[in-house]
Each structure stands twice: as structure tokens, then as C-alpha cells.
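Protein chains in written order, with UniProt numbering: chain A, 1 to 423; chain B, 1 to 282.
Warning: the hint list may mix true and false statements.
Stated by the list, open to error - Residues from chain A that face chain B, not an exhaustive set, calculated with beta carbons under 8 Å:
| hint | residue |
| --- | --- |
| 1 | Phe82 |
| 2 | Phe99 |
| 3 | Ile113 |
| 4 | Gly238 |
Worth flagging that the hints you see were computed from the coordinates, not collected in a lab.
All C-beta atoms in this analysis are idealised placements derived from N, C-alpha and C, irrespective of residue type, glycine included.
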Amino acid sequence: MASITLNNLVKKYGDGFPAVNGVSLDIADGEFVILVGPSGCGKSTLLRMIVGLEDITDGDLQIGGARVNEKAPKDRNLAMVFQNYALYPHLTVAENIAFPLRLAKGKFSEDEIQRKIRRAAETLELTDHLDRKPGNLSGGQRQRVAMGRAIVREADAFLFDEPLSNLDAKLRGQMRTEIARMQRRLGTTTVYVTHDQTEAMTLGDRVAVLRKGELQQVASPRALYEQPVNLFVAGFIGSPPMNFMPGEVDGDRITLPFGSFPMPEGIAAAVGDRRLVIVGLRPEFFEDASLMEESKRARGETFGTTIDVTEWLGSELYAYVPFETHPDVAAKLEELDRDLDGEGMRSQFVVAVDSASRVRDGDDTTLWFDPARMLVFDPETGVNLTRDDEVAARIDVENDEDRKASLARSQEREKAKAASRGD
Amino acid sequence: MGSLTARQKVGWAVITGAVLVYALFPVASVIATSFKLPSQLDTGTFLPQDWTVENYEAILSPDGAAQDLFLSALRNSIGISLIATAVAVVLATLAAYAIARLDFPGKRVILTTALGVSIFPVISIVTPLFNIWRTIGLYDTWLGLIIPYLSLTLPISIWTLAAFFRQIPWELEQAAQVDGATSWQAFRKAIVPLAAPGVFTTALIAFFIAWNDFVYGISLTSTSAARPVPAALAFFTGASQFEEPTGAISAAAVVVTVPVVVLVLLFQRQIVAGLTQGAVKG
Numbered sequence: 001m002a003s004i005t006l007n008n009l010v011k012k013y014g015d016g017f018p019a020v021n022g023v024s025l026d027i028a029d030g031e032f033v034i035l036v037g038p039s040g041c042g043k044s045t046l047l048r049m050i051v052g053l054e055d056i057t058d059g060d061l062q063i064g065g066a067r068v069n070e071k072a073p074k075d076r077n078l079a080m081v082f083q084n085y086a087l088y089p090h091l092t093v094a095e096n097i098a099f100p101l102r103l104a105k106g107k108f109s110e111d112e113i114q115r116k117i118r119r120a121a122e123t124l125e126l127t128d129h130l131d132r133k134p135g136n137l138s139g140g141q142r143q144r145v146a147m148g149r150a151i152v153r154e155a156d157a158f159l160f161d162e163p164l165s166n167l168d169a170k171l172r173g174q175m176r177t178e179i180a181r182m183q184r185r186l187g188t189t190t191v192y193v194t195h196d197q198t199e200a201m202t203l204g205d206r207v208a209v210l211r212k213g214e215l216q217q218v219a220s221p222r223a224l225y226e227q228p229v230n231l232f233v234a235g236f237i238g239s240p241p242m243n244f245m246p247g248e249v250d251g252d253r254i255t256l257p258f259g260s261f262p263m264p265e266g267i268a269a270a271v272g273d274r275r276l277v278i279v280g281l282r283p284e285f286f287e288d289a290s291l292m293e294e295s296k297r298a299r300g301e302t303f304g305t306t307i308d309v310t311e312w313l314g315s316e317l318y319a320y321v322p323f324e325t326h327p328d329v330a331a332k333l334e335e336l337d338r339d340l341d342g343e344g345m346r347s348q349f350v351v352a353v354d355s356a357s358r359v360r361d362g363d364d365t366t367l368w369f370d371p372a373r374m375l376v377f378d379p380e381t382g383v384n385l386t387r388d389d390e391v392a393a394r395i396d397v398e399n400d401e402d403r404k405a406s407l408a409r410s411q412e413r414e415k416a417k418a419a420s421r422g423d
Numbered sequence: 001m002g003s004l005t006a007r008q009k010v011g012w013a014v015i016t017g018a019v020l021v022y023a024l025f026p027v028a029s030v031i032a033t034s035f036k037l038p039s040q041l042d043t044g045t046f047l048p049q050d051w052t053v054e055n056y057e058a059i060l061s062p063d064g065a066a067q068d069l070f071l072s073a074l075r076n077s078i079g080i081s082l083i084a085t086a087v088a089v090v091l092a093t094l095a096a097y098a099i100a101r102l103d104f105p106g107k108r109v110i111l112t113t114a115l116g117v118s119i120f121p122v123i124s125i126v127t128p129l130f131n132i133w134r135t136i137g138l139y140d141t142w143l144g145l146i147i148p149y150l151s152l153t154l155p156i157s158i159w160t161l162a163a164f165f166r167q168i169p170w171e172l173e174q175a176a177q178v179d180g181a182t183s184w185q186a187f188r189k190a191i192v193p194l195a196a197p198g199v200f201t202t203a204l205i206a207f208f209i210a211w212n213d214f215v216y217g218i219s220l221t222s223t224s225a226a227r228p229v230p231a232a233l234a235f236f237t238g239a240s241q242f243e244e245p246t247g248a249i250s251a252a253a254v255v256v257t258v259p260v261v262v263l264v265l266l267f268q269r270q271i272v273a274g275l276t277q278g279a280v281k282g
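Bound conformation, chain A alone:
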């Protein structure tokens, strides 16, 4: 087990295009770090640089404190799970798992190898399939074999390259918890690449958001969600995504596409003397006013609007409201949409209200929101003006404490189990 340190890593291809541009990241021993971003943001390239399949153009890569830039993949002692599993089709499941052990010639006796295979197979529930070829396995089983091959050799770190993207939704959920459980149990440093933000939010101790080869923010999932540093991170994290709309400031009032509201103090301070800002409101910041208690309702603002389309999901209801955007921020919002792999279809915002709401397509209704929760971004730079560094730091500290505690608990349980088994 080891820490991984990325120091100003750069990857330039032959045409000078920087796929990864000056990424610095400290991954602590035993930490689970997610690299996330839209397609083409350089997250897979970064992972392949760590494992040694891509050359590093510039910067330092340290594993366990030693610089490994020039080391071949085989000398880095890392285990990787590929997106398409990359199982050896001519070998049985058992031999696939044993492959890395057999390559380390003379290091393991045949007995040891067999014991390790059995152990890995038990962990991953593959015992019944050990003699089968990968071609005869289901997608989930192949995925588990690939993981078996990774855990069997006690590598310094696990690297996952979108390991679940080829599975269907149900299996993906199961494997996600399986990976989380395995990582906690083994306590191995893990770097996990994904474009799926559910995976990013649920699995990671910390999440690194990348955009066009540059690191935007590294923080705990909660800090990313509540205290994003800029428009990009705010728009990328969260599903459905955060709504962005123009906000015209006039004295102590701010005019949003659906009405004009007095600005709370904190927001006004963040806005400063700007006349036009981009306002970010998460869908769950809204509520159907008719379902709210009077006391709570008084803490926010209400406004009337016409609902375009609704989606009832059982647990909640999404309602879409079209709006006219301001020409001065239209370009910025369009660029953001492109960066987020969007289609730039139409400007609308989505609100997530209680599923008991009777709002339906085309209804005129009254919605409620709390202006104090809105995020305000600079329309030029995209920087989050309302971000509170202290709160963000506190969230990260809490998160780190939680992580260490759960890691310790998991290891403790594992030890107890091993003791009761008698080995």
C-alpha cells in the first residue's frame, strides 16, 4: 500500500495538444479518489499515466514517495481494472486470476497460488466458475474476474478505468457497493475514473473534477456539491444538474427570469458591485408552495409560473420551466453546456418538488425557493462568489475523519473474522 503523488503532471501529444495540463494531486495511503469529468477531459489519460501505459511529458509522479516516471508498468506494482475487463480469453477464470502471480516467477509456490485464487474467488463469489472461460461468463461475472485479478496480487494501489460502464443499471448499483466494500476491507489506495457522477459521489473519499485536462477542484463529494469553486464543477456535480440563469442586480434586489426578489445579506456581499451575475439554483432548492407549511414558506420567496413538462419518478417530481436568458450571459452558459457534453437545446430550469404535488404539464402553479441558498457566479470568470472556504474546509475535515473511522472499523471486522477463521 502506498500514497500516490501527482506533481504538475503534463501529457502532450505529438501535435502539442495538452490532454493533461499541470495536474497536482496528493492521494493518501488507503484513500479512494475519483477522477471525474465529461468525455475528453483527460481523466483516463491521467490514470494511464499513473499506471505507466502513457508516457509523462512533464512533471513528477511518485508512488510511495519514490519517483516512478520512467518505470515500466510492470515495475510500478499497481493493479488495474480495464473498462472492457481485458480478460485473457484463452485462459480459465482461475488462470486469469493467477496470471499476475505466475508472472512473478518463483515468488509464489503452486500451493500459495491455489490458495490465493480460492481466496479471491470466495470474496468475489466466483468459486463455481473457476474452470470456465471468460467467453462463457456474464458481464457481471467478467467484471468480478477482472477485479479478482487485481486484488490477488496485493498491489500498492488499485486503478479502475470506468469499470462499470459496460454493465446494466441494476448490476452497476450492486457492483458499486461491492467495490466500495472491497476497498474498505482491503484498505488499498484506489484511483477510480468515471464519467458517472453517481459513482463519483457515492464511492469517493475525495473527488477530483477535471475539465479539458485541468484540475478544477478536489474535495469530498459533499464539499463539491455544496461549495463548488466554479460554474463547471457546480454544473457537473448533481443530477438533475444545477440550474443556471442570469441575475440582474439593482440595488438590493436581484431579478431572475421568474421574478424580482430582495437579496439576502450574504448574497449581496458576494455580488459586490456587479450588475449582472449568473445564479445557480439546484432543483431541490425549489418546492411546490401549495404543499408547504406556512412557517417554512415564510422563510423563502414564492413566484407564479407555467410548467412546461413534468416527470413523475415516484420519489419526487421534476417540473421543467422554460425561460428567456439574458444575451450577455447566453454565450457563457452555452459554452458551459458544451463543456458538460450538453446539447444546448433550450434554456429551461428544472425543479424537483415533492412527489405528492399535483402539478402537471401546462399547469400554472406557485413555486417556492429560498434565495439565501442560491449560488452566485461571476459571468466572466465563472468563479463561485458565494463559496465559503471555511465551510468547505470543515466539510472536508469531517469527511476525512469519517473515512478514517469507517476504514478502521472495516479493518477491525476483517481482523476479527480472520481470527475466528484461525489463519
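Fit chain B to the given chain A structure using the hints.
Using the frame of chain A, we list chain B on its own:
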């Protein structure tokens, strides 16, 4: 797909039967003829009246009439075809590996040239080749046939292997490297086992092309020093000038078909389709 109706079944049976007869009747006829006595060749019956191995004796036994001609030709055919196949497969494997894996200028040119060479009519280059070979001393030598055979076998080998290599997921090689293999170990343990069926199939095709060639064989040879079997068959003679060597030719045809059948049976196991399935998500 529902099950076939009785009518459809009958229809398919008739079609299958017709195709089988069409394909196999000539083979059966050659085999039957090879067992006929020279005097009974024109009796008009399909099966020999008296079964005999006289024709096989003529081409194989030490005192057979055509034995010299046939055995030396067989030796030439086997030697030349094997060498041409081996060279073609080695060169084509390297070329196809590069074409499938690397992006280099001129990649398309190589593939197009290979295709162009393979569709070039053999008969149009055989006369110039005849003159050149005589001048530089390659006429009537093994090498003199191996080189033109390479021009036939290389293009198709490169195309087949390039197509095959493109299907091999290269992530396997990378996975092996991450698992602790050197580049060579990764190639040998992860790629070679997957490439082997393709290489065998290509070798088989290349061998048959060389084995079956007639035009080069008859044009670029003059003695038993290099003359292959298909050409040698034309030089068989009967016991007298009034007797056709049809029986001996049939027997020789059967004998040269045997290695082909044996090869197919041997390599059949290697040519297992879908070996790469399951390596990656299909």
C-alpha cells in the same frame, strides 16, 4: 424463426442434395477412375468393373512407369509450397502486425499495392518472368517458383492477417504489462495465443495457393528439378501411345489431395472461431 414446414424441408433437402452432387461428383469420379484398369477406362460405367491398385503402383512403387516423374514432382511441390508458405506467413505476420497496430505514412499504399498485386493476371507476367528467370539463372529452380508464389500468397496473407489482428483487443497486452509482464511476455502470453488461429488459417490458405498453382509450375520449369505435381501430371504417358494415362493421373490427383485433407483435419482445431470472444465485452 419458426420450424420449417414439410414442403420447405423437402425443398431444402433437394437443394442440398443438388449442391452436394455438383460439388462431390467430380471427386468421386476421379477416385473411381483411379481404381480402374487402363483397359476398362472407356467402358462407360461409373464404378470400376475390377478394382485395382495398378495406377497407384505406377506412380508410387519403385518400378512404376510414372514413379520417377511423380515422386520428384511431389517432393518439389511439398518443398516449394512449404517454403513459400513459411516465408509468406512470417513476412505477412510482421507486416499485418504493423498495419493493425501502428499508424504510419504509407499504410494505405501498402494495402492497396498488395491488393493490386493479387488481382494482377498471372498469365500476363509469366512470359516476361520466363525471360528474366532464364537470363539470371532462376529458371527451373525451386527459388524460381518460390518467388512468384510469394507474389500470390503474400497479398492475401497480409489482408487476412491484418483483418484478424485488428480484432485482437490490444488492452490485453496492456493488461498483461500492468500485471507484471515485460513487453515480450505480454506479446507471447496474451497476444500470440489469440493470434495463432489466424496465423494457422492464413498459412493454410497460402499453402493451398502455392500447392494448386499450375501456370507458373508449367512455364518456369523444364525438368524434374523443380516441376511441381500439377505441372507434372501433364507429362504422364500411357504404356503405349494408344493408351491414355488417365488412370495414373487420377491416382496422382488423389494422392496430392490427401495432404490437403490431412492439413485441414490437423488445423481444424486451431481454426476455432470465436476464440477472442469474452476477452472484452462483445
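Exercise. If any of the earlier hints don't hold here, list their numbers in rising order.
Key: Checked against the structure, the hints that fail are numbers 3 and 4, while the rest are satisfied.
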